[in-house]
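Peer 1: Sequence:
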Amino acid sequence: MNNKEFIAELSRRAGYTQEQTQNYVRTLVEEMTNILGEGESIAIPSFGTFEVKKRMERILTNPSTGKKMLVPPKLVLSFRPMPSVKEQLKKGGDS
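Just so we're aligned, residue 28 is where the sequence shown starts under my numbering, counting upward by one.
Source of the hints: derived by calculation from the structure; they are not laboratory data. Take the hints with a grain of salt, since some may be wrong.
Subject to a maximum C-alpha distance of 25 Å in a straight line, what follows is the list of computed SDA-like cross-link-like pairs (lysine to any residue) [stated by the list, open to error]: (1) Lys-95 to Met-83; (2) Lys-80 to Lys-101; (3) Lys-81 to Val-103; (4) Lys-31 to Glu-57.
Simulated restraints, written as ranges between beta carbons of each label pair [as the list claims (entries may be wrong)]: (5) Leu-55 to Pro-90: 37 to 45 Å; (6) Gly-93 to Asn-61: 40 to 48 Å; (7) Asn-30 to Pro-72: 33 to 41 Å; (8) Ile-86 to Asn-61: 45 to 53 Å; (9) Met-96 to Leu-116: 31 to 39 Å; (10) Ile-71 to Lys-94: 39 to 47 Å; (11) Met-59 to Gln-115: 17 to 25 Å; (12) Ala-70 to Lys-117: 42 to 50 Å; (13) Gln-115 to Gly-93: 32 to 40 Å; (14) Lys-81 to Asn-50: 28 to 36 Å; (15) Gly-42 to Lys-101: 20 to 28 Å; (16) Ala-35 to Thr-92: 32 to 40 Å.
Note that the Cβ used here is the ideal one computed from N, Cα and C, for glycine as well.
With the hints as constraints, model all of the structure from the sequences given.
Peer 2: This is how it looks when you write it as structure tokens:
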């Protein structure tokens, strides 16, 4: 499902216009980005938790050359789904 299809379905279910729905989704994503950028996590009930984790620096070896490289530390986005969401996906997504 691409963005256009997602917005169309969401607007149909919510009863808003596609333009209103697009603005709501854009605002939601911007606010989530701001909160995650501050290092806080976001828990959405019945869905899961988004959080930023720090990946430590590590040494990797290039398999073709055998050369060792230092990978610097970085921040990565992590998502942990609720157990009910995991179970639903295991069953093929059917409710």
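Peer 1: For every hint, state whether the structure bears it out.
Peer 2: To see whether the hints hold, each was checked on the structure:
Restraint check for Lys-95 and Met-83: satisfied, since their Cα atoms lie roughly 16 Å apart, inside the 25 Å limit. A threshold of 25 Å between alpha carbons decides the hint, and for Lys-80 with Lys-101 the separation of about 8 Å falls inside it, so the pair holds. Proposed proximity of Lys-81 and Val-103 is supported: the alpha carbons are some 6 Å apart, at most 25 Å. For the suggested pair Lys-31 and Glu-57, the alpha carbons sit about 18 Å apart, so the restraint of at most 25 Å is met.
Separated by about 42 Å at the C-beta atoms, Leu-55 and Pro-90 satisfy the suggested range of 37 to 45 Å. In this structure the supplied range 40 to 48 Å holds for Gly-93 paired with Asn-61, their Cβ-Cβ distance being about 43 Å. Taking the beta carbon of each, Asn-30 and Pro-72 are about 25 Å apart, not inside 33 to 41 Å as hinted. At roughly 34 Å, the beta-carbon separation of Ile-86 and Asn-61 lies outside the given 45 to 53 Å, and the hint is violated.
A C-beta distance of roughly 36 Å is found between Met-96 and Leu-116, which places it inside the suggested range of 31 to 39 Å. Remark: the range hint 39 to 47 Å for Ile-71 to Lys-94 is upheld by a beta-carbon distance near 43 Å. Roughly 22 Å separates the CB atoms of Met-59 and Gln-115, a value that falls within the hinted 17 to 25 Å. At roughly 22 Å, the beta carbons of Ala-70 and Lys-117 sit outside the given window of 42 to 50 Å.
The hinted window of 32 to 40 Å between Gln-115 and Gly-93 is violated, with their beta carbons roughly 45 Å apart. Hint check: Lys-81 to Asn-50, Cβ distance near 33 Å, so the stated range 28 to 36 Å holds. The hinted window of 20 to 28 Å between Gly-42 and Lys-101 is violated, with their beta carbons roughly 42 Å apart. In this structure the hint that Ala-35 and Thr-92 lie 32 to 40 Å apart at CB is violated, the actual value being about 49 Å.
In this structure, the earlier hints numbered 7, 8, 12, 13, 15, 16 are contradicted, and the remaining ones agree with it.
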